[in-house]
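Whenever a hint applies, use it, and build me the whole structure from the sequences.
In this text, residue positions in the sequence shown follow this note's numbering: the first is 318, and each later residue adds one.
These are calculated hints, taken from the structure and not from any lab test.
C-beta: ideal position from N, C-alpha, C; glycine also.
Errors might be hidden in some of the hints.
To be verified - Distance windows between CB atoms, simulated:
1. 343 to 320: 30 to 38 angstroms
2. 328 to 373: 13 to 21 angstroms
3. 358 to 319: 16 to 24 angstroms
4. 327 to 353: 13 to 21 angstroms
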Amino acid sequence: MAQLPDYCGRYLPSCREIVLGVNEQYERAYHLSVGHGFVDTGHMRMGPSGPQPMLSLRW
318 MAQLPDYCGR
328 YLPSCREIVL
338 GVNEQYERAY
348 HLSVGHGFVD
358 TGHMRMGPSG
368 PQPMLSLRW
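Here it is as structure tokens:
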């Protein structure tokens, strides 16, 4: 996860944000993402396995 901004900068130079949804059931994935700088946007979407908080990482 820590390498995503560098990867995007190299292969998708116009990319300035990554947005992802993490299923509410996977608290570890949520905390891992937040620990790597993703911010909870306050928006939710319904995924195939339930609600997903939307997280954003901007640089």
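Hints versus structure:
A hinted range of 30 to 38 angstroms is violated for the C-beta pair residue 343 and residue 320, which are about 21 angstroms apart. Take residue 328 and residue 373: their Cβ atoms lie about 19 angstroms apart, and the range 13 to 21 angstroms holds. The hinted window of 16 to 24 angstroms between residue 358 and residue 319 holds, with their beta carbons roughly 20 angstroms apart. For residue 327 and residue 353, the Cβ-Cβ distance of about 18 angstroms falls inside the hinted range of 13 to 21 angstroms, so the restraint holds.
Violated hint for the displayed structure: number 1, the only one.
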